[in-house]
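Add chain B to chain A, keeping to what the hints say.
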Amino acid sequence: MNRAVSRQIPAASRSFATATQIPGAANLNGNVYAGRHTVTLIPGDGVGMEMAGSVKAIFKAAHVPVEFETFDLSSYNPATDANKLKEAMDSIKRNKVALKGILHTPVNRLGHISLNVGMRKELDIYASLSLIRNMDGKWATRQQNVDIAMIRENTEGEYSGLEHTPVPGVVESLKVVTREKTERIARFAFDFALKNGRKKVTCIHKANIMKLGDGLFLKVCRDIAKEYESSGIKFEDMIVDNASMQLVSRPSQFDVIVCGNLYGNILSNIGAALIGGPGIVPGANIGKNYAVFEPGCRHVGKAIQGSNTANPTALLLSSIHMLRSLELDDHASRISNALHKVLAEGRVLTPDLEGKSSTTDFTLEVIANL
Amino acid sequence: MIPGDGIGPEISRSVKQIFEADKVPIVWEDVNVTPVLKNGKTAIPDEALHSINRNKVALKGPLETPIGKGHVSLNLTLRRTFDLFANVRPCKSIIGYKTPFDNVDTVLIRENTEGEYSGIEHTVVDGVVQSIKLITEEASRRVSEYAFEYARSIGRKNVTIVHKANIQKQADGLFLATAMDVAKNYPDITVQDALLDRVCLQIVQDPTDFSDTVMVMPNLYGDILSDLGAGLIGGLGLTPSGNIGRKASIFESVHGTAPDIAGKDLANPTALLLSSVMMLRHMKLEDHADRIQKAVLKTIADGQHRTGDLGGKATNTAFTQAVIRNL
Numbered sequence: 301m302n303r304a305v306s307r308q309i310p311a312a313s314r315s316f317a318t319a320t321q322i323p324g325a326a327n328l329n330g331n332v333y334a335g336r337h338t339v340t341l342i343p344g345d346g347v348g349m350e351m352a353g354s355v356k357a358i359f360k361a362a363h364v365p366v367e368f369e370t371f372d373l374s375s376y377n378p379a380t381d382a383n384k385l386k387e388a389m390d391s392i393k394r395n396k397v398a399l400k401g402i403l404h405t406p407v408n409r410l411g412h413i414s415l416n417v418g419m420r421k422e423l424d425i426y427a428s429l430s431l432i433r434n435m436d437g438k439w440a441t442r443q444q445n446v447d448i449a450m451i452r453e454n455t456e457g458e459y460s461g462l463e464h465t466p467v468p469g470v471v472e473s474l475k476v477v478t479r480e481k482t483e484r485i486a487r488f489a490f491d492f493a494l495k496n497g498r499k500k501v502t503c504i505h506k507a508n509i510m511k512l513g514d515g516l517f518l519k520v521c522r523d524i525a526k527e528y529e530s531s532g533i534k535f536e537d538m539i540v541d542n543a544s545m546q547l548v549s550r551p552s553q554f555d556v557i558v559c560g561n562l563y564g565n566i567l568s569n570i571g572a573a574l575i576g577g578p579g580i581v582p583g584a585n586i587g588k589n590y591a592v593f594e595p596g597c598r599h600v601g602k603a604i605q606g607s608n609t610a611n612p613t614a615l616l617l618s619s620i621h622m623l624r625s626l627e628l629d630d631h632a633s634r635i636s637n638a639l640h641k642v643l644a645e646g647r648v649l650t651p652d653l654e655g656k657s658s659t660t661d662f663t664l665e666v667i668a669n670l
Numbered sequence: 323m324i325p326g327d328g329i330g331p332e333i334s335r336s337v338k339q340i341f342e343a344d345k346v347p348i349v350w351e352d353v354n355v356t357p358v359l360k361n362g363k364t365a366i367p368d369e370a371l372h373s374i375n376r377n378k379v380a381l382k383g384p385l386e387t388p389i390g391k392g393h394v395s396l397n398l399t400l401r402r403t404f405d406l407f408a409n410v411r412p413c414k415s416i417i418g419y420k421t422p423f424d425n426v427d428t429v430l431i432r433e434n435t436e437g438e439y440s441g442i443e444h445t446v447v448d449g450v451v452q453s454i455k456l457i458t459e460e461a462s463r464r465v466s467e468y469a470f471e472y473a474r475s476i477g478r479k480n481v482t483i484v485h486k487a488n489i490q491k492q493a494d495g496l497f498l499a500t501a502m503d504v505a506k507n508y509p510d511i512t513v514q515d516a517l518l519d520r521v522c523l524q525i526v527q528d529p530t531d532f533s534d535t536v537m538v539m540p541n542l543y544g545d546i547l548s549d550l551g552a553g554l555i556g557g558l559g560l561t562p563s564g565n566i567g568r569k570a571s572i573f574e575s576v577h578g579t580a581p582d583i584a585g586k587d588l589a590n591p592t593a594l595l596l597s598s599v600m601m602l603r604h605m606k607l608e609d610h611a612d613r614i615q616k617a618v619l620k621t622i623a624d625g626q627h628r629t630g631d632l633g634g635k636a637t638n639t640a641f642t643q644a645v646i647r648n649l
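Keeping their order, the protein sequence lines are chains A and B.
Residues 301 to 670, numbered by the numbering used here, are exactly what the first sequence covers, in order.
Residues 323 to 649, numbered by the numbering used here, are exactly what the second sequence covers, in order.
Excised from the complex, chain B in its bound form:
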């Protein structure tokens, strides 16, 4: 467990309490990932590294981005250290929290290691900058395979490859061709491709068009579309996220540390709870996952114990207790 900063400790405590109440067979090892400078490079403290490598599964709260020289983005460091190649972002409408978009049920898988986030940039001459987007067959294959496997595991019979290969013919072209190749190994799943612009248009016009498919795409598009999806259902406070890697998998809430309400028992633990449910499914603890998910959603739907961000007045503690009662 990586509680994180700000409201991190409070919401992780909620998760632990709910897990205990449901007698989930998990023992938590709390670690701190605040980076240290090792040999001049940003690194995760050894204790955290060993713990995650040993246990292979982690749940993470929000992290404060350290300001200052030499500190690479912490999320980037985690990603690289554990080779987290796929980011899974489901977005499902939460009953009890109304948005202009109903019945959203999208699943998006984002390539997490390369693409536009390779960090390869240089100034050619003063005033001219080149940023390099890197697409490799290996990474495209890895994330596509995961997408098809994931689709199978959740019973969706279709995968949609999202790209802009009409404009980036080689880069997105490679991603698309590789994904189509992977599709051949999954004859039980149909595959189609869609241009990014069309997807952005359609998902806002009618998100239910995407209820039966798993979308897979390169890094930047995935970043934008996953936040777009969150916007459709009510924000990052309600969205779970899972990062799948070869060496370990880290499930996390993707909202901020909310320093203004930290320590005041006002935080909404829903995002971290839903991420922990994803984690349970990943660990094949389906029964516990189902029960906890149902309890969380029922608590929100019932309406008496909603936290401030959902328009209610309940404290974190009250919400957590209500979820436990609903188990």
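The following block holds chain A by itself, in its conformation from the complex:
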């Protein structure tokens, strides 16, 4: 069982109210008419609708000049949604910026491929950023002093989707690592570190076993690190199994982490569990031309769908980052301050943070604090 830990605010306190600078997210020249930005919204499956509803309500109350083009894509009905998917993608390409929940991916091998992965590849939003931090609040957490920016390559690696069965009972699944994509994710990681005053980038890999694949990833990261040496950003590397162990026992040692697709998945889940769960981890997927903001620890939440108990914080925090990228800093700060106040006060919290309030109650409380 979790045990309660007394809250300590780190000395160099970097609260969410201070804007996190996301490389490349601000120069998107999206769809703006008369000061109102048009943004694509894909609520997603599971608790997506409820969380999106919460964000919309808060945006309205805060008079945020954002129009949502909403697409109710659902992975549970892919056949009927084939056209909707295309519409949604075209919308994102027009608007350049999107807010998204998580779409379910069926395990059935005859089922379609992950829509989330498909979207990321088509839009080439190659950098996935998840911010895992202890926040001001009374819920019990396993570890303190956690402040990790997890940067994960989003378009290749183990999620290439390239598999084949040469003979029945034998399957080959290809993990692809390229210099080009590794270079750009490494640069993103170091640029992020530079822009946000972070001190260290750790590359996670298994190059002792996958000598060519992860070997290439590691080498490219090392090469890019040299270009940033003069800025004082340290570079180190760690093998993924050791990293998992270190993450649960001494997470304060990590600052910025850069890694491939699968390891990023694993580590962001471990990290989320340390600080209070996926309900409060924001994320962003950034590419050259588009930015899609979604919760950083990607779970559909099917089990609690429709129960009005989901924590909208992850999506809300992601939307705050989105507002900053749209240069709507005032609105972003207002909502951020209200949100953090409610979380810190602890009176109105959803069950995942040991509270008894509903999604609606939480949303109303944030609005009341605007």
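Source of the hints: derived by calculation from the structure; they are not laboratory data.
Just so you know, these numbers come straight off a predicted model, no measurement behind them.
Beta carbons are placed, not taken as given, at the ideal position from N, Cα and C, and that holds for glycine.
Be a bit skeptical, because a hint or two may be false.
Stretch by stretch, here's where chain B covers chain A in the computed footprint (C-beta under 8 Å, at least three residues) [claimed, not checked]:
| hint | region |
| --- | --- |
| 1 | 363-369 |
| 2 | 450-463 |
| 3 | 535-545 |
| 4 | 574-587 |
| 5 | 596-607 |
Using C-beta positions, here's what the derived DEER-type ranges look like [as the list claims (entries may be wrong)]:
| hint | chain 1 | residue 1 | chain 2 | residue 2 | range |
| --- | --- | --- | --- | --- | --- |
| 6 | A | Ile413 | B | Asp624 | 53 to 59 Å |
| 7 | A | Glu480 | B | Gly477 | 51 to 57 Å |
| 8 | A | Asp390 | B | His444 | 35 to 41 Å |
| 9 | A | Lys534 | B | Gly630 | 24 to 30 Å |
| 10 | B | Gln626 | A | Gly532 | 32 to 38 Å |
| 11 | B | Val446 | A | Arg394 | 47 to 53 Å |
| 12 | B | His444 | A | Arg647 | 32 to 38 Å |
| 13 | A | Gln553 | B | Thr356 | 29 to 35 Å |
| 14 | B | Gly477 | A | Gln553 | 35 to 41 Å |
| 15 | A | His412 | B | Gly585 | 55 to 61 Å |
| 16 | B | Gln514 | A | Lys393 | 39 to 45 Å |
| 17 | A | Ala440 | B | Pro367 | 52 to 58 Å |
| 18 | B | Pro509 | A | His412 | 29 to 35 Å |
| 19 | A | Pro466 | B | Ser475 | 31 to 37 Å |
Chain A residues, not near chain B, derived (Cβ > 12 Å throughout) [stated by the list, open to error]:
| hint | residue |
| --- | --- |
| 20 | Arg498 |
| 21 | Gly515 |
| 22 | Ser657 |
Chain B only, in chain A's frame:
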């Protein structure tokens, strides 16, 4: 007995002393597995090979990875030589060594021969590398069967198949389908599957969720999750490991050789001791296993004879003597 390098000889000596004190009916054959180059390929010295093949059970300390050309990972060589297809990794909280996670009691079985560790990689064109993850029905079946048998033997009524078949539909899909098929032969054991991400999240949020199940999974996930489990209970110095093969089984400590404390009588033999307990159970010497396990855990819980890594000041010898007294 493969004492190994670094602190290996000291901790193996502790095991031998404790076994002798408990009058365990085992005679040790010490062998050295430092690889030799035979016909240009890395190979285990013949003497070691014959010994392990003959005795079928081995206990191994930490090995130094030889640096240099031509040397494949030693663990990989052992695995291949003896066809060690399943790696068993229990993780149990040690009373007396507090971590932020209480009451951890997980058991994980990792497929040990294929998956992401097949070593099949190539450079397609400059700057583009493909690593091949291999999943076969045969290996998946073998490890799943072992998982169900093992669950039965330790009285756990549930097996959890951990995978990412939503993304790797054919590869993990095959593993999952095969494991589910094997489940049909074990009607007394319930089976479920879980996505890897969910397991990583849940096991850190509440490890007690996994106290009644045996997890089974492909190679890489098993590697990562087993070290994650070790992290929950306090590190590799407290974690046992067993490698089960058709031709032989090798039980080992999975920590390093600790060259900085080697030869100074400071090493903690707990990991190797707990692995030796797993070995005794494998050999159906349950009474001895129970006694030695209880003695080790009691010694740590009592607190007066803890080694440096557990925050104490005792030497290896003092710890070993305390365990013997507690038998």
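Each hint tested on the structure:
Only residues whose beta carbon comes within less than 8 Å of a beta carbon in chain B count, and the region 363-369 of chain A has 0; fewer than three means the coverage is violated. With a threshold of 8 Å between beta carbons, the proposed coverage of the region 450-463 of chain A by chain B holds, since 4 of its residues qualify and at least three are required. Coverage of the region 535-545 of chain A by chain B holds. Counting CB-CB distances below 8 Å, 5 residues qualify, and the rule asks for three or more. Closer than 8 Å: that is the beta-carbon criterion, and the region 574-587 of chain A has 3 residues meeting it against chain B, so the requirement of 3 holds.
Counting residues of the region 596-607 of chain A whose CB lies closer than 8 Å to any CB of chain B gives 3, which reaches the minimum of 3, so the coverage claim holds. At roughly 56 Å, the beta carbons of Ile413(A) and Asp624(B) sit within the given window of 53 to 59 Å. In this structure the hint that Glu480(A) and Gly477(B) lie 51 to 57 Å apart at CB holds, the actual value being about 53 Å. Between Asp390(A) and His444(B) the Cβ separation comes to about 38 Å, which falls inside the hinted range of 35 to 41 Å.
A C-beta distance of roughly 29 Å is found between Lys534(A) and Gly630(B), which places it inside the suggested range of 24 to 30 Å. The beta-carbon spacing between Gln626(B) and Gly532(A), approximately 47 Å, falls outside the hinted interval of 32 to 38 Å. Between Val446(B) and Arg394(A) the beta carbons are some 35 Å apart, a value that contradicts the proposed interval 47 to 53 Å. Between His444(B) and Arg647(A) the Cβ separation comes to about 59 Å, which falls outside the hinted range of 32 to 38 Å.
Our hint of 29 to 35 Å for Gln553(A) and Thr356(B) holds, since their Cβ atoms are close to 34 Å apart. Between Gly477(B) and Gln553(A) the beta carbon distance is about 39 Å. The supplied range of 35 to 41 Å therefore holds. In this structure, His412(A) and Gly585(B) meet the distance hint of 55 to 61 Å, their C-beta atoms being roughly 60 Å apart. For Gln514(B) paired with Lys393(A), a C-beta distance near 40 Å keeps the hint of 39 to 45 Å intact.
In this structure the hint that Ala440(A) and Pro367(B) lie 52 to 58 Å apart at CB holds, the actual value being about 53 Å. At about 33 Å, the beta-carbon gap between Pro509(B) and His412(A) stays in the expected band of 29 to 35 Å. Checking the proposed 31 to 37 Å range against Pro466(A) and Ser475(B) shows it holds: the Cβ atoms sit about 36 Å from each other. Chain B leaves Arg498(A) outside its interface by the beta-carbon criterion, the shortest separation being 24 Å against a cut-off of 12 Å.
Taking the minimum C-beta to C-beta distance to chain B, about 8 Å, the non-interface status of Gly515(A) is violated against the 12 Å cut. Every CB of chain B is more than 12 Å from the CB of Ser657(A) (nearest about 20 Å), matching its label as outside the interface.
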